[in-house]
Amino acid sequence: MSNSVESYRSSVNSGLLFLLVGVALLFITIMCLIFLVKSYRAGIKIGMEKKVLRKVIISSATFTVLPSISILLGVIALSGTLGIPYSWLRLSVIGALQYELNVAAMAAESIGLSGLKVTEMSMGSFTTIALVMAAGILGSLLCCLFFLGRYLKKIRGNQAADTAATDAKDKKPGFGAYATTAMFIGLCSAYIGAYLGDAIRNQNVIPLLTAGVAALTMAIFEYFTQKKNIKALDNFSVAGSMLIAMAAAVCFGQVIGG
Amino acid sequence: MNQQEKKQFFENFNKSLHIIGKITVSISILLFLLIPIVVGFIYHASPDLGSFWSGFAKVAVIYYPVAIVEFLVYTPMLGVGGSYLAFITGNVTNMKIPCVMNSKDITDTPDGTPESEIVSTLSVATSAITTTVVVALGVILIIPLKPVLENPVLLPAFNNVVPALFGALGLKYFIKEPKITAIPLAAMILLCTLVPAMISQTSILILPAGGLAIGIAYLLHKKGKL
Numbered sequence: 001m002s003n004s005v006e007s008y009r010s011s012v013n014s015g016l017l018f019l020l021v022g023v024a025l026l027f028i029t030i031m032c033l034i035f036l037v038k039s040y041r042a043g044i045k046i047g048m049e050k051k052v053l054r055k056v057i058i059s060s061a062t063f064t065v066l067p068s069i070s071i072l073l074g075v076i077a078l079s080g081t082l083g084i085p086y087s088w089l090r091l092s093v094i095g096a097l098q099y100e101l102n103v104a105a106m107a108a109e110s111i112g113l114s115g116l117k118v119t120e121m122s123m124g125s126f127t128t129i130a131l132v133m134a135a136g137i138l139g140s141l142l143c144c145l146f147f148l149g150r151y152l153k154k155i156r157g158n159q160a161a162d163t164a165a166t167d168a169k170d171k172k173p174g175f176g177a178y179a180t181t182a183m184f185i186g187l188c189s190a191y192i193g194a195y196l197g198d199a200i201r202n203q204n205v206i207p208l209l210t211a212g213v214a215a216l217t218m219a220i221f222e223y224f225t226q227k228k229n230i231k232a233l234d235n236f237s238v239a240g241s242m243l244i245a246m247a248a249a250v251c252f253g254q255v256i257g258g
Numbered sequence: 001m002n003q004q005e006k007k008q009f010f011e012n013f014n015k016s017l018h019i020i021g022k023i024t025v026s027i028s029i030l031l032f033l034l035i036p037i038v039v040g041f042i043y044h045a046s047p048d049l050g051s052f053w054s055g056f057a058k059v060a061v062i063y064y065p066v067a068i069v070e071f072l073v074y075t076p077m078l079g080v081g082g083s084y085l086a087f088i089t090g091n092v093t094n095m096k097i098p099c100v101m102n103s104k105d106i107t108d109t110p111d112g113t114p115e116s117e118i119v120s121t122l123s124v125a126t127s128a129i130t131t132t133v134v135v136a137l138g139v140i141l142i143i144p145l146k147p148v149l150e151n152p153v154l155l156p157a158f159n160n161v162v163p164a165l166f167g168a169l170g171l172k173y174f175i176k177e178p179k180i181t182a183i184p185l186a187a188m189i190l191l192c193t194l195v196p197a198m199i200s201q202t203s204i205l206i207l208p209a210g211g212l213a214i215g216i217a218y219l220l221h222k223k224g225k226l
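Chains as they are written, first to last, in this note's numbering: chain A, 1 to 258; chain B, 1 to 226.
Hints were generated in silico from the structure; no laboratory data involved. Remember, it's a predicted structure, so these values are computed and weren't measured experimentally. Some hints could be false.
[Said to hold, decoys possible] Using 20 angstroms as the maximum straight-line C-alpha spacing, the simulated PhoX-like pairs for lysine-lysine come out as follows:
# : chain 1 : residue 1 : chain 2 : residue 2
1 : A       : K38       : A       : K51
2 : A       : K55       : A       : K45
3 : B       : K176      : A       : K153
4 : B       : K223      : A       : K45
5 : B       : K15       : A       : K153
6 : B       : K223      : B       : K176
[Claimed, not checked] Just a few of them, taken from the derived set where beta-carbon distance is under 10 angstroms, the chain A residues facing chain B:
#  : residue
7  : S4
8  : L33
9  : Y40
10 : W88
11 : E120
12 : S125
13 : F126
14 : G139
15 : G186
16 : G212
17 : E222
18 : L233
19 : A247
[Unchecked claim] Going by beta-carbon spacing under 7 angstroms, a handful of chain B positions derived as facing chain A:
#  : residue
20 : Q4
21 : E5
22 : K6
23 : F13
24 : A45
25 : S51
26 : A67
27 : M95
28 : V148
29 : P163
30 : A164
31 : M188
32 : T202
Note that the Cβ used here is the ideal one computed from N, Cα and C, for glycine as well.
Okay, chain A solo, but in the shape it has when bound:
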């Protein structure tokens, strides 16, 4: 391994980064605890039974354990390029694997790298990419900061909360739902098109083969979750497919070189 990769990795896994990330995570965890305690007390005050409140807490904790393990797999996948502490921060609070990787890749191209590749990273590129990742995900937080009170008041005033829940559960989705799916289809098409073009024009086949293995693995996950109804597997489908594809990339690297 070259010295620059070694030095980059040692910087992005430094004690300083662990400390900064630890402070942010500690702050957010304390705030979660404050919300938890306040809501529990308020629940008792308005006449909710303690056993119902405890049931919510226990079921939420157990419900979250499996998806959290898949988040951990995401941290492992991201840690090779962005280091353990920053991947840990991005995936255990605020972000999600799909968003983080895509934004990091877009930011990497904006600073002139050929993609999110550890062999091309430096601390300068890391801080720029990290800042794009941080600023790029603030949309919902800014909406909460400036509009949440007024928006919920309006929704409640129009008795629309029930409608929103009913819409989500029972009715055919509106164009909004398709627009989001369509946007992600466009996103994936751009990348898959680029991998295919790269394989045909530049004979760089490893990205395409890696994507192919990920797709194949995802197809197997989809078969078991959709056809065999093993819904718990859904939590692992993206992270699991990625890790298997990354393992395949190592084999392709050994066989083809790269």
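Go by the hints and put chain B onto chain A.
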């Protein structure tokens, strides 16, 4: 507590959650933005502002509209406390929303009631704390594995994280809506094969590909073919 007192109490409770929520969101935003800046300052590798704005513009065009849609759709389900916490702690669609719906379901709590807001907030807070604990334990276990993860043999794995992601996600989305997929995918393959310079410009390609897919989805939706 009669209904009037309950309503008054809950209004005051929500007001206090808004205050704590806004403070928490503001400090969190500062922390998220400051970490790369502080690291850059200490390592003499500050973020390049030109590259930042160029990257941010591309990201914001895609993700800010998504963020607004998520805010509009999810906040009525999450309530005041749940919304602040869910958007700070992330993994909203894939974890927090299913978790909240599950909690409401098993406790038979109707939406739009004070009880529903309490259940949402408890659920999101518990879920976030559980994730933090599980991932923290996992990270402690990963650290001793660092020499293995950093072995040069594994470099192709970490150089191909993005293809691995889009292979998996692509399959998931493509089979979900094949009618929307066909044209944008074919167009991107053709474009990248005929104009090789576009291969390294995926962040630019996303815009026409996304626009094309949304346009096709709109037409199909309008004709009732979705």
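* To do: Compare the structure with the hints numbered earlier in the document and write down the numbers of the violated ones, lowest to highest.
  => 3, 4, 7, 18, 20, 21, 28
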